[in-house]
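Asks: Order-wise, the sequence lines are chains A and B.
Going by this note's numbering, the first residue of the first sequence is number 465, and it counts up by one from there.
Going by this note's numbering, the first residue of the second sequence is number 3, and it counts up by one from there.
Fair warning: there could be bad hints in the mix.
Said to hold, decoys possible - Mimicking BS3-like on lysine-lysine, the simulated pairs with C-alpha atoms at most 27 Å apart in a straight line are:
| hint | chain 1 | residue 1 | chain 2 | residue 2 |
| --- | --- | --- | --- | --- |
| 1 | B | K212 | A | K654 |
| 2 | A | K552 | A | K505 |
| 3 | A | K516 | A | K661 |
| 4 | B | K203 | A | K605 |
| 5 | B | K212 | A | K574 |
| 6 | A | K654 | A | K552 |
It should be emphasised that the hints constitute simulated quantities derived from the structure, not laboratory data.
Bear in mind that the values here come from a model prediction, so they are computed numbers and not experimental data.
What follows is each chain in one-letter form.
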Amino acid sequence: MKLLFALFSGLLISTTVLAQEVAPVVLVKTTTEEVLEIVRKDKDIQSGNTKKAIDLVEAKVLPNFNFTRMTQLAMARDWRQATPAQQKILTDEFHTLLVRTYAKALTEYKNQTVHYKPFTLKPGETDVRVRTEIRQAGAGKNIELDYWLEKSATGWKVYDIEVGGISIVTNYRESFASEVRNSGIDGLIKLLQTKNKSGDAASVKK
Amino acid sequence: MKTMLPDRIKSFTLAIAAAGLLAGCASSGNPKDPIEGFNRAMFAFNEGLDSAIIKPVATGYESVLPSPVRTGVTNFFSNIADLLIGVNNLLQGKGSEALSDLGRVVINSTIGILGTFDIASDIGLEKHNEDFGQTFGRWGVGSGAFVVIPVFGPSTARDTVGLVLDVMADPVAQVSPNADRNVLLVLRAVNARANLLPADKVVEEAALDKYSYVRDAFLQRRRNLIHDGNAPREPEADAEQVERPVRAEAGAAEPRAGADGVAPDSPVLVARTETAEAK
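Chain A with its partners taken away, still in its complex shape (with noise of 0.2 Å):
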């Protein structure tokens, strides 16, 4: 009976929370398989043309994105010398470093189908992993694509990517860190600009 009544609260607090936000796992699922079906049908980001890309990433992937959170883990403890508007400029040119790379990978897509693990929402989380799989038709290796998200006031954003077990903003942080142990927080943001501006090069080339 205890059991019971402790199954129907959870029940009842699973759908309070349901009915005034979008829960993790349907922010993430809604968003990937919306953006799946507009790259499957785009003959021009299955070859190649990056600046497309970056457009829909723009548009529909980052407003759940909180960048300065991702900047803010990259720099680690570097992030509380840089002045804010240096942290500015880091979260804006990290900004575009990382939708660049979410770009490129999303014109490598060729008709894989994206898993979503089993999920569920503890009463008062505020800061979950949602675990998803990419599967190649056929065979191969499946790909362990996990979110980390965090509830702001705007709602759940993700903080945090990892591909394989390997995050992708945590990888940056000992290339940062050198960075700025050898030139300070201008040498790290002159790296990331001239990071940068080769990218875009390299997209008008195609």
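Fit chain B to the supplied structure of chain A, relying on the hints for placement.
Replies: Frame of chain A; chain B shown alone:
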């Protein structure tokens, strides 16, 4: 590229000896990478070898063979690898996983026509990823220094020892006559490289410094594999320690936006490592 067994062992020994010799050299101070100078040189060598020979061959292979054939090749070698994966699961005390690996081999070798079709995955026997390096990690052996091995690429001290065992126990390496064995080893290597071609462009796009990007990705990946995909999030480096008192407070009361330089729209996370471990 994987060539003959004695050569490969020779290059290990060389690499380990060289790594040992250079261990005293100066580095940029990353504790995970004490022989960075040597590693960067080896990394450059491997990159050169890859762009001169391995990648062009893999690209040709990819363009010549249709995708279903390449999938068959991948599955064929993946099926053979399942044997050692099962052994390693057993060594790690994961009996049911080991049993499932054995089941995979039986099913895929028969119904899956010599392993070319991965029927086992379709019926729910999940493919695992294990090797001797992971087994050592599971037993509590630390990874030791990061090391780039000629031809084989990124590794760690622990994983290099694991790799020697992997190579010695490799069923493909036992094939005779040698000519057949060599064809199989080359085919496996080329096919594996071809599978990685799409990732190349993404890494180029993402990396500020390719060496450290690959190194850190490799270390994260290994850590994740040892935890079978459930690695707790890495602590937020030094920032974590400095901020801890603030975090504890933030957990009890309102998130203190701005208190530690965090923008108001990115509340300080509380106890995220615990959350990760709970799963």
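Asks: If a hint holds in the structure, say so; if it does not, say that too.
Replies: Verification of the supplied hints:
| no. | hint | verdict |
| --- | --- | --- |
| 1 | B:K212 with A:K654 | 17 Å, holds |
| 2 | A:K552 with A:K505 | 36 Å, violated |
| 3 | A:K516 with A:K661 | 17 Å, holds |
| 4 | B:K203 with A:K605 | 19 Å, holds |
| 5 | B:K212 with A:K574 | 25 Å, holds |
| 6 | A:K654 with A:K552 | 14 Å, holds |
In summary, the one numbered hint that this structure violates is 2.
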